[in-house]
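Number of protein chains: 2
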Amino acid sequence: MKKMGLLGPKGTHSEEAAIYLKKFLADEVELIIFSEIFEVLSAVEEGKIDSGFVPVENSLEGSINITLDTLARTDFLQVTHELIWPIHNYLMTKAGVTEIKKIFSHAQPISQCRKYLRKNFPGAEIISTSSTARAAEIVAQSEIFDGAAAICSKRAGELNNLVEVAAEIQDNLANSTRFFEVERENKNLRGDKVLIICQIDGKKSGALYEILEEFALRKVNMTRIESRPARTKLGEYIFFFDLETDIDEKILNESVEAVRKKSIWLKNLGKFPVIAAQK
Amino acid sequence: MKKMGLLGPKGTHSEEAAIYLKKFLADEVELIIFSEIFEVLSAVEEGKIDSGFVPVENSLEGSINITLDTLARTDFLQVTHELIWPIHNYLMTKAGVTEIKKIFSHAQPISQCRKYLRKNFPGAEIISTSSTARAAEIVAQSEIFDGAAAICSKRAGELNNLVEVAAEIQDNLANSTRFFEVERENKNLRGDKVLIICQIDGKKSGALYEILEEFALRKVNMTRIESRPARTKLGEYIFFFDLETDIDEKILNESVEAVRKKSIWLKNLGKFPVIAAQK
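Chains as they are written, first to last, in the numbering used here: chain A, 287 to 565; chain B, 287 to 565.
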């Protein structure tokens, strides 16, 4: 039985997505709930669980920084699956609430629904919580006169006996989140993408250009570039490159080795299949 | 009297930094407190205030997404000053508290102090608030037996009669935040940097490489590249380029126009001086 860690409590978008991913995995999977993304990844690194399932990017809000920063700092983690998961945000409250005065949710969905909230609930207090499922729990424990509502998945609301005020309240319907499954070892023989992380010399003008040149010359398709602070000083960055594997493997590896020579350090987090969830 | 909006309440890092910036400005300045970064920028755009002072990047935690996203979506805002502000985080509590059970702060300082918290307060509940100053207020209103503490600036703690538990608790001493002053018009004749924002065709392999080529060929120094989701669909991005102005202005403008031709759209947010605060 494979132990897979993820961000809880029950009813988070992470849990729904992890349940979906299970059917694509070779092993039987037991889901283990953690309260922080960082704890999930540390537990994989320390061998306490077999894999971790963590969000890496949302199409409206961008990167999940703690995931990128942890992947950049470890030498023991590999990406073994990517899942693209459509996000549906609901506004849910206790039956009987007539006026909504407080809205609870995680910071990401709050940002994803900013326009909706400004238009429909300009006077409501917006309170951020550690997860959407936690927001639903808080609302379930509130009194009717508190006027509390949660932005959460339909499942999280229902698990807490909440009723729907509005469905699909995100500002933009093109709302999906990419998740990574992360393990200590990558046994994938094939994959759709490779993730490369490197630090390049920020003081050298054109350093990034020279890196991209290695990919462009070999027609390696880069589907994403992201930067994060190197945490050394302002102006020094770590770069993340998602590369497609649809070219000759030898040429792809050659480009990675050429980039390694131009980098302060480089990590190859392995190749992995990409699954786009249909739901 | 120039009206400058910023994120409150009193005692935020933003307020301290804004007070510092005032002495570099030509006009007398009145500070106007808002509760959200988005509200500050909207008020400038709508002409309700003359300028906005907002954080754009922290050296440990990276970009302030709401600032970047709002700048990318407006046609009316220009960057007129940049301030680099060293951040000192304190852990502060009510006099008499002996055991710390709950720690309140904004999500950014919580991330900046993650290792410190894990090592020193592994059992404490971490609760995110809308600002560091709000965290200090909540702690001031708590009871001694609640064991509440705030991560905030020394000034925010003192404004709320809190006492210091520990100073400089951020995981890395190289902690500073860049702020932008934003106005509707940019009258700067000179500046240290230019900010360019553009959307490029994500489907075209090597599109970013071709953009960087325009800068590299002309020896334009790029001090920062950042990407944010275009909010159209997963995999489409907007790019932010900080360019140094220490070359011939004609050549710099030429590179920007060449990039404009290769972009779906491009905005030039103007040139601005960079002030590094000494404190």
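Derived from the structure by calculation, the hints contain no laboratory data.
Take the hints with a grain of salt, since some may be wrong.
Pairs count within a copy or across copies, as identical chains cannot be separated in the list.
List time: in silico DSS-like cross-link candidates among lysine-lysine, alpha-carbon distance up to 25 Å [to be verified]: (1) Lys536 - Lys490; (2) Lys387 - Lys547; (3) Lys548 - Lys387; (4) Lys505 - Lys519; (5) Lys440 - Lys519; (6) Lys473 - Lys536; (7) Lys405 - Lys334; (8) Lys505 - Lys548; (9) Lys490 - Lys473; (10) Lys405 - Lys519; (11) Lys565 - Lys388; (12) Lys519 - Lys565; (13) Lys380 - Lys505; (14) Lys547 - Lys505; (15) Lys296 - Lys388; (16) Lys308 - Lys505; (17) Lys547 - Lys288; (18) Lys505 - Lys296; (19) Lys536 - Lys288; (20) Lys440 - Lys536; (21) Lys309 - Lys401; (22) Lys334 - Lys401; (23) Lys380 - Lys308; (24) Lys405 - Lys479.
Right, here's what the structure says about each hint:
1. In this assembly of identical chains, the alpha carbons of Lys536 and Lys490 lie at most 25 Å apart only when taken from different copies (23 Å versus 29 Å within one copy).
2. Within a single copy, Lys387 and Lys547 get their C-alpha atoms no closer than 57 Å, and across copies no closer than 48 Å, so neither meets the 25 Å cut-off.
3. For the homomeric pair Lys548 and Lys387, neither the shortest alpha-carbon distance inside one copy (55 Å) nor that between copies (47 Å) is at most 25 Å.
4. Only between protomers do Lys505 and Lys519 lie at most 25 Å apart by alpha-carbon distance; the minimum there is 24 Å, versus 33 Å within a single protomer.
5. In this assembly of identical chains, Lys440 and Lys519 lie within 25 Å of each other by CA distance solely across copies; the values are 23 Å between and 42 Å within a copy.
6. Only within a single protomer do Lys473 and Lys536 lie at most 25 Å apart by alpha-carbon distance; the minimum there is 18 Å, versus 53 Å between protomers.
7. Taking CA atoms no more than 25 Å apart as the test, Lys405 paired with Lys334 passes between copies only; the shortest distance there is 19 Å, against 46 Å inside one copy.
8. In this assembly of identical chains, Lys505 and Lys548 lie within 25 Å of each other by CA distance both inside one copy and across copies; the values are 18 Å within and 19 Å between.
9. Neither within a single protomer nor between protomers do Lys490 and Lys473 lie at most 25 Å apart by alpha-carbon distance, with minima of 37 Å and 31 Å respectively.
10. Taking the shortest Cα distances, Lys405 and Lys519 sit within 25 Å of each other only across copies (23 Å), while inside one copy they are farther apart (40 Å).
11. Taking the closest pair of Cα atoms, Lys565 and Lys388 never come within 25 Å of each other, the shortest separation being 30 Å inside a single copy and 39 Å across copies.
12. For a Cα distance limit of 25 Å, the shortest separation of Lys519 from Lys565 across copies, 17 Å, qualifies, whereas the shortest one inside one copy, 43 Å, does not.
13. For the homomeric pair Lys380 and Lys505, neither the shortest alpha-carbon distance inside one copy (55 Å) nor that between copies (61 Å) is at most 25 Å.
14. With identical chains, the CA atoms of Lys547 and Lys505 are at most 25 Å apart both within one copy (19 Å) and between copies (22 Å).
15. For the homomeric pair Lys296 and Lys388, the shortest alpha-carbon distances inside one copy (22 Å) and between copies (23 Å) are both at most 25 Å.
16. When the C-alpha separation of Lys308 and Lys505 is checked against a cutoff of 25 Å, the pair qualifies neither within a copy, at 34 Å, nor between copies, at 50 Å.
17. Taking the closest pair of Cα atoms, Lys547 and Lys288 never come within 25 Å of each other, the shortest separation being 37 Å inside a single copy and 52 Å across copies.
18. In the homo-oligomer, the alpha carbons of Lys505 and Lys296 never lie at most 25 Å apart, since the shortest distance is 43 Å inside one protomer and 53 Å across protomers.
19. Taking the shortest alpha-carbon separations for Lys536 and Lys288, neither the intra-copy value of 33 Å nor the inter-copy value of 61 Å comes in at or below 25 Å.
20. Taking CA atoms no more than 25 Å apart as the test, Lys440 paired with Lys536 passes in neither setting, with 46 Å inside one copy and 56 Å between copies.
21. For the identical chains of this complex, Lys309 and Lys401 are neighbours neither inside a copy (36 Å) nor across copies (36 Å), given an alpha-carbon limit of 25 Å.
22. In this assembly of identical chains, Lys334 and Lys401 lie within 25 Å of each other by CA distance solely across copies; the values are 20 Å between and 42 Å within a copy.
23. Taking identical chains as interchangeable, the C-alpha atoms of Lys380 and Lys308 are never at most 25 Å apart, the minima being 32 Å within one chain and 48 Å between chains.
24. In this homomeric assembly, Lys405 and Lys479 never come within 25 Å of each other (Cα to Cα): the closest approach is 40 Å inside a single copy and 36 Å across copies.
In summary, the numbered hints that this structure violates are 2, 3, 9, 11, 13, 16, 17, 18, 19, 20, 21, 23 and 24.
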